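Number of protein chains: 2
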Amino acid sequence: MKISCRHRFIALVSVCVLACSANIVPAADDPLPSWQDGKTRQAIMDFVRKVTEAESPDFVVEAKRIATFDNDGTLWAEQPMYFQACFVFDRIKALARQHPEWETKEPFASVLKGDLKAALAGGERGVLEMVMATHAGMTTGEFEQIVRDWIASAKHPVTRRPFAGMVYQPMLELLDYLRANGFKTFIFSGGGIEFMRPWTEKVYGIPPEQVFGSSVKTRFELRYDKPVLVRLPEINFIDDKAGKAVAIQQHIGRRPIAAFGNSDGDLQMLQWTAAGPGPGFCLLVHHTDAEREWAYDRQSDIGRLDQGLDEAKAKGWTVVDMKNDWKEIYPK
Amino acid sequence: MKISCRHRFIALVSVCVLACSANIVPAADDPLPSWQDGKTRQAIMDFVRKVTEAESPDFVVEAKRIATFDNDGTLWAEQPMYFQACFVFDRIKALARQHPEWETKEPFASVLKGDLKAALAGGERGVLEMVMATHAGMTTGEFEQIVRDWIASAKHPVTRRPFAGMVYQPMLELLDYLRANGFKTFIFSGGGIEFMRPWTEKVYGIPPEQVFGSSVKTRFELRYDKPVLVRLPEINFIDDKAGKAVAIQQHIGRRPIAAFGNSDGDLQMLQWTAAGPGPGFCLLVHHTDAEREWAYDRQSDIGRLDQGLDEAKAKGWTVVDMKNDWKEIYPK
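Top line first, the protein sequences correspond to chains E and W. Going from the first sequence to this note's numbering is simple: count from 1 and add 702. Going from the second sequence to this note's numbering is simple: count from 1 and add 702.
Keep in mind that the hints were calculated from the coordinates and are not lab data. Note that the coordinates shown come from a computational prediction; the quantities given were computed from them, not determined experimentally. Every residue, glycine too, gets a C-beta built ideally from N, C-alpha and C. One or more of the hints may lead you astray.
What the hints assert, rightly or not - Stretches of chain W that chain E covers, calculated by requiring three or more beta carbons in the stretch to come under 8 Å of a beta carbon on chain E: (1) 890-899; (2) 902-911; (3) 925-932; (4) 949-960; (5) 963-976.
Said to hold, decoys possible - In silico BS3-like pairs for lysine-lysine, Cα to Cα no more than 25 Å straight-line: (6) E:K943 with E:K1015; (7) W:K766 with E:K886; (8) W:K919 with E:K919; (9) W:K1015 with E:K928.
Based on the sequences and whatever the hints tell you, model everything.
In structure tokens:
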């Protein structure tokens, strides 16, 4: 069918009118430039619109616009191992001189030989031993400085990028977009709370008081009349799975209206969010891009996404297909 | 000495000029109208000025203007017993019908007979039993509603005021004044976190995510596919004494630059605040007004202020003399 010039003109005007009435912003002001046009991006924008437009039946006052994000695999990468594990191995190497006994003691000996597979063969107990040897015994201030130094200098074993350069550009845009719409953004991560706080404000724009994670116990001490908090080799809280919902209530005391995760460890956070009295937006980042990032889900030891995929489908949650939904992965 | 009219005129002009140069606001805009002129009020205003004026050597960026407040005895009254104890006794009476065994079982039997002294004779173990019987076994949502209903209806045993009417007017002004100057205000209380959150936003302007207190453990459960958090009869955290410094690091991850308390339970919070790298303002509310409120300090079982008074003197912390520093106690 041949379309006349007049018809094309009318069509063009109609598109403009529709675009204006739907508040589609010009490309230059696009809040989510790294997100491909499509249903994922649209679902996010539709949700934000319906909770922020005063006349919307789903309008939510600003104080209640709470959004919670997992960190590993949701805001930054997590392969071939959680980045905090790289930190643990780097710290073991750095501390080896003070621990000559590690040369023959597992799992430390294997780490020092560079055999990470053997180092992890001892299972959970060995991992815990390595975590405690590197995360406890110093003050909170000392640990903060150790993390600051590490994040400023360490490089990812595969990409050779600084770890803070492996945050996801589309998620940075999403954080900004939500905050520009009155949301308060929080992190609830299985990772260490004090491993994240030294850099999350600069990298994600999320201040320490909005960052929650797993933690060791601390002890208040007066050292020559000066108070310090000493990090103890004892788990305080594991912020994973059901622990995320527990921690959200403990830390925020208000139910999120939006939650963002990528693994089964985030499932209860999403369930808790979805079950609120008002609108609840749930999103899972599905790692489908073996070329630009990694592709993994149901079978992965790290960031396994199995039950979550089924539940997302059953409940109509938004699933990001990283390969097709994201124009960029990392910041340029 | 006789002062000429001309001299008086010059003196008046001088005072005006001095007032303007010191940014003294006209009485109508006074941010602390219930605070008597004097050194306490001046110390507060001097501190706020020095951390907020851009050219001040002690200037602190807004994100780091963290102020933490104790609740009982600092923001609201705590005599003749912590208000949460009144809640416990009221709940025991309300629940008695479901617990016929309480008629003969201590400490419940004494509560039901109105003999609170006998009810407390069992010491810590009896208190814990009463707390758990009234604070656990329900979901977080159910407990929130119980607290909402109680705070809306219960009356103080002595003043017959609603409990939320026994907050301190000067402290409400102080909270507003700090927030108007870019501070983020937090509560760190030995009282129950979920006992405060249902009303702190309305009464103090402090949202739930900025309220921290003692807590019981909770368990995530799916009930017919609907997630709930069930409150368990098990202590999770006691937010008192050294626990306050531990909790501040855990919850905020940043050291306060101002802390406000009234008892030895707040001492470590103040020590932690005072020991920061920059300016740290510490204030204790000293209950000296037996007529309008209560007078107590070193010998009191509730809100004992003993070591704190000594340390405040030694370290030059600000001590509010309630009788002489406050024009009003409660809101009108």
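Structure-based check of each hint:
1. 890-899: holds (count 3)
2. 902-911: holds (count 4)
3. 925-932: holds (count 3)
4. 949-960: holds (count 6)
5. 963-976: holds (count 3)
6. E:K943 with E:K1015: holds (19 Å)
7. W:K766 with E:K886: OK: K766 of chain W and K886 of chain E at ~17 Å, within 25 Å.
8. W:K919 with E:K919: OK: K919 of chain W and K919 of chain E at ~16 Å, within 25 Å.
9. W:K1015 with E:K928: Distance of about 17 Å is within 25 Å: holds.
The structure fails none of the hints (numbered hints given earlier).
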